[in-house]
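There are 2 protein chains.
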Amino acid sequence: MHGLMMNMPLSISALIRHADRYHGDTEIVSRLVEGGIHRYTYHDAHRRARQLANALASLGVEAPDRIGTLAWNGFRHFEIYYATSGSGAVCHTVNPRLFPEQIVYIINHAQDRYVFFDLTFLKLIEAIAPQCKAVRGWVAMTDRAHMPQGSTLDLLCYEDLINSHSDDYVWPELDENAASSLCYTSGTTGNPKGVLYSHRSTILHAYAACMPDAMQLSARDVVMPVVPMFHANAWSLPYACAMVGCKVVFPGAALDGASVYELFETEKVTMSAGVPTVWLGLLQHTQQNKLGFSTFRRTVIGGSACPPAMIRTFNEVYGIEVLHAWGMTEMSPLGTMCTFKTRHLNLSQEEKYAVMAKQGRPIYGVDMKIVDDAGRELPWDGKAFGDLLVRGPWITAEYLRGEGGSPLREDEHGLKWFPTGDVATIDADGFMQITDRSKDVIKSGGEWISSIDLENTAVAHPEVKEAAVIGVSHPKWDERPLLIVVRKPGAALTREQLLEFFQGKVAKWWMPDDVVFVDELPHTATGKILKTRLREDYKGYRLPGT
Amino acid sequence: MHGLMMNMPLSISALIRHADRYHGDTEIVSRLVEGGIHRYTYHDAHRRARQLANALASLGVEAPDRIGTLAWNGFRHFEIYYATSGSGAVCHTVNPRLFPEQIVYIINHAQDRYVFFDLTFLKLIEAIAPQCKAVRGWVAMTDRAHMPQGSTLDLLCYEDLINSHSDDYVWPELDENAASSLCYTSGTTGNPKGVLYSHRSTILHAYAACMPDAMQLSARDVVMPVVPMFHANAWSLPYACAMVGCKVVFPGAALDGASVYELFETEKVTMSAGVPTVWLGLLQHTQQNKLGFSTFRRTVIGGSACPPAMIRTFNEVYGIEVLHAWGMTEMSPLGTMCTFKTRHLNLSQEEKYAVMAKQGRPIYGVDMKIVDDAGRELPWDGKAFGDLLVRGPWITAEYLRGEGGSPLREDEHGLKWFPTGDVATIDADGFMQITDRSKDVIKSGGEWISSIDLENTAVAHPEVKEAAVIGVSHPKWDERPLLIVVRKPGAALTREQLLEFFQGKVAKWWMPDDVVFVDELPHTATGKILKTRLREDYKGYRLPGT
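Chains as they are written, first to last, in my numbering: chain A, 1 to 546; chain B, 1 to 546.
Okay, chain A solo, but in the shape it has when bound (with noise of 0.2 Å):
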């Protein structure tokens, strides 16, 4: 016995046709690649995305094709957004940091048809081409007045594929489990996997987004995506502020604290959402400047923890309020955010700030769990670390094209969770924090130890200037801790002197097994430690004692 109600399937077309509908007059403003400022509306965006999708069609384009872009946040790409997942075909987003081969090997796995570009990408995009065959064309993201002259490529307009084709196009009505969008994690080892959303996990997703649980968006607000549009969908604000219909404020390439805080002010901005990088280049400019903020209220923070001084800074300094995320690219991206209950809300200023130092509690729709190696649940206590493992209805099942098998894993009850790749804890609020990514861990008779905070208690000697810790092989406990070290210049720290330094600062069974000291660690090419690089180096070593 069914339900009695509409079978309306959940479409990102329909985001787009409530934003014109409701809110056809409410501001989209963009920073511009070619310079100077865009404004327009929703009810433009929608005429404009649906120009574009007669564009596609008239370039051949079917669902499922998929289309790539690389660009910046802007209305372009907004509009390509809606264009490619309204009529079914999947928007690619390729993020341009990748080194040049991972781009080339992403567009070609994904098998995308066009490939849609800022300027900023012209030379990247003249480089890759030529092993990109499945690609019939490559669209610049401008006017004709600003179009490259010659490209060793035959470009195709993005304005000129506008102007020439109408806006009357009805989104078709699609399945809502069809694929919509496509991202590419940007994977440590091996070749980045395709992550594929649909229609359904992207509504729910920007559903769960918008709560005042979450980030808490209203038609009142006006938001800036600082977060990027090229991966992970910008932590799904192109599709919550469409949903809910607020202002909206792309940064375009512009990313300096200047830059930003500019926008901030003159389009009266009140909330953000970015990664730590970001804001410490806002706050620089704020405090070199003494400036302040007059609308900015809340800011989401992801991608990597908040350090906890910045949490203190936006509050203290600003009354800027943080609400401290996490998640990642299987994930829609978002998983938990950290955002008060009842009880916390009579805490000392100083206990809400170890409240917010965590990554919080899952937005409505996701469900976790830590376990330990052999998959038994821990407790929440906020002490016991384990592997963080997440399911709901916008979290990945498996990648494109079976790349890497099932990732899932099965629990007693039958249950199917995605194990994240991060160690965390949860308290009995339940709320998560991550504690070290579960390939760091060191597992020692059968117990764990995290890398990070042995790290942390490494650097916090003044004569540490960088400090990395692996698990090498033990004959007895399986794994111990090996700290390896970066003195700071004319520094003569030893061993012992360093081993000494340990002693009441972490538990006995922690303490590493052996210093190696060394004058530089091997780093990604985003500055963190490679430590798959040292568990190489360090493969056969031999701690003392065995």
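Check before you lean on any hint, since a few could be wrong.
Treat identical chains as interchangeable: a pair holds within one or across any two.
In the SDA-like style, the derived pairs of lysine to any residue whose C-alpha atoms are separated by at most 20 Å in a straight line are [what the hints assert, rightly or not]:
1) K416 x D175
2) K416 x M6
3) K133 x Q288
4) K268 x H344
5) K352 x R220
6) K268 x F340
7) K416 x P9
8) K268 x T295
9) K439 x Q288
10) K352 x K383
11) K416 x P172
12) K416 x N7
Keep in mind the hints are simulated off the structure, nothing from the lab.
Since the structure is predicted, the reported quantities are computational estimates derived from the model, not experimental observations.
Position chain B relative to chain A; hints supplied.
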């Protein structure tokens, strides 16, 4: 090509599981029909809902059996909501305010297997039981100590059922389109019609209900659902509160001002929802006793249009924000809420009140339009009024057992719409305001005349006690308005004086063609003027000049 996200059906059991897991120690407080206050937590509610699910199974209840309730807002009713829907049965809330014959009709039409009732309704149950052949048992929602003595029925005891079953129960995974709950419209004409909700419609509706532009619910709220759980899902609150994990305060049967006020204060309620009548009683109590509210910040008012004076009193005297809402049983029930856009924030307070008097804009998922007799969409100018049509995934497509045929109307684009039976305007911001009921509007020469506007004009005359306007047939204009008036005691108002009073207050062609003075008007059980009777009585009425 489908997306590759987890296949997780939306389900009502996931709500209570989530509330237990992430808000297990949050309180649910109930004023008992038996006297006193009951308090426990989401964790307890989940445990007892599982015990009840086992009890239902032991009684032979299977999916999709219907389980009736005749009950106030309280923790046991809350448990029944989850135990029934969660186990695949259908929670059929019966409105005890209907006539006994209607209740018998509804219980038989739904084929309820068991009926759970609060002690308040014992006499009613005893009276109707012999006519409800499909009901296998009647469950008194109380403990052994309060079981009625000497009942004509062989009653089951709710607490005995719970206590005799274990909480070892795993919620089954159900098709998200499976029927979850059932509520009959109170239908002024014909038999009540059954609206059958699904798990999918209930969850999507709850997401939309929680959003900042709807009820704005968070874990930091303390919510008192005054709106009854026996009708239209208490505006989603039994679901939405579990979704966000807020504290809930159930007022039971005591809806008088003093009882409700007491709970507001002792339980620190921040948010509530109900029909205007309840708030009248509460405001009378606070005004007579010169009381204020310590924590109450906002309230949803719907069910019928909220009097502007009430919005003003809540705002100016108590600092409480009124969220004017509109919906219907067939809409789960929420359709629109009146929450501001950015441009409204700078209006004067008087201009804001004018906006707040409207029923507002759709919550995300609902689309609406107003159409004329030919189904042509009317402009959004705040003046043109027409039949209000709606569509969305939590809106009725048909009634149980096909009662009344398909209610939907297909438009020129092939889209199907549900006709609400209301007549409304929509302004340029997309804010809707109800102006009449479709069957009460007078259709004169292809144009529409609002009966409510004419009635409001008539009762503004100092000698008019009550007035009704109906359309009577006219050879040239199809229909023309007839004004039927009850004079105040001792008044000698004439037809000519009253029509003179209308001059300049309504458009010339809206002027009633005739006035009839009567001693009294017929009313429904709930106090509304019974226009169907008036139309019957004045069917052959000859208007002057015809």
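Right, here's what the structure says about each hint:
Taking the shortest Cα distances, K416 and D175 sit within 20 Å of each other only across copies (17 Å), while inside one copy they are farther apart (24 Å). For the homomeric pair K416 and M6, the shortest alpha-carbon distance between copies (9 Å) is at most 20 Å, but the shortest distance inside one copy (30 Å) is not. In this assembly of identical chains, K133 and Q288 lie within 20 Å of each other by CA distance neither inside one copy nor across copies; the values are 49 Å within and 81 Å between. Taking the closest pair of Cα atoms, K268 and H344 come within 20 Å of each other only across two copies (16 Å); inside a single copy the shortest separation is 30 Å, beyond that limit.
Proximity of K352 and R220 under a CA criterion of 20 Å is satisfied inter-copy only: 15 Å between copies versus 27 Å inside one chain copy. Taking the shortest Cα distances, K268 and F340 sit within 20 Å of each other only across copies (17 Å), while inside one copy they are farther apart (26 Å). For a Cα distance limit of 20 Å, the shortest separation of K416 from P9 across copies, 13 Å, qualifies, whereas the shortest one inside one copy, 25 Å, does not. For the homomeric pair K268 and T295, the shortest alpha-carbon distance inside one copy (6 Å) is at most 20 Å, but the shortest distance between copies (31 Å) is not.
With identical chains, the CA atoms of K439 and Q288 are never at most 20 Å apart, being 40 Å at best within one copy and 67 Å at best between copies. Proximity of K352 to K383 under the C-alpha cut-off of 20 Å is restricted to the intra-copy arrangement: shortest distance 18 Å within a copy versus 51 Å between copies. Taking the shortest alpha-carbon separations for K416 and P172, only the inter-copy value of 15 Å comes in at or below 20 Å, while the best intra-copy value is 33 Å. In the homo-oligomer, the alpha carbons of K416 and N7 lie at most 20 Å apart only across protomers (10 Å), although the nearest pairing inside one protomer, at 28 Å, exceeds that limit.
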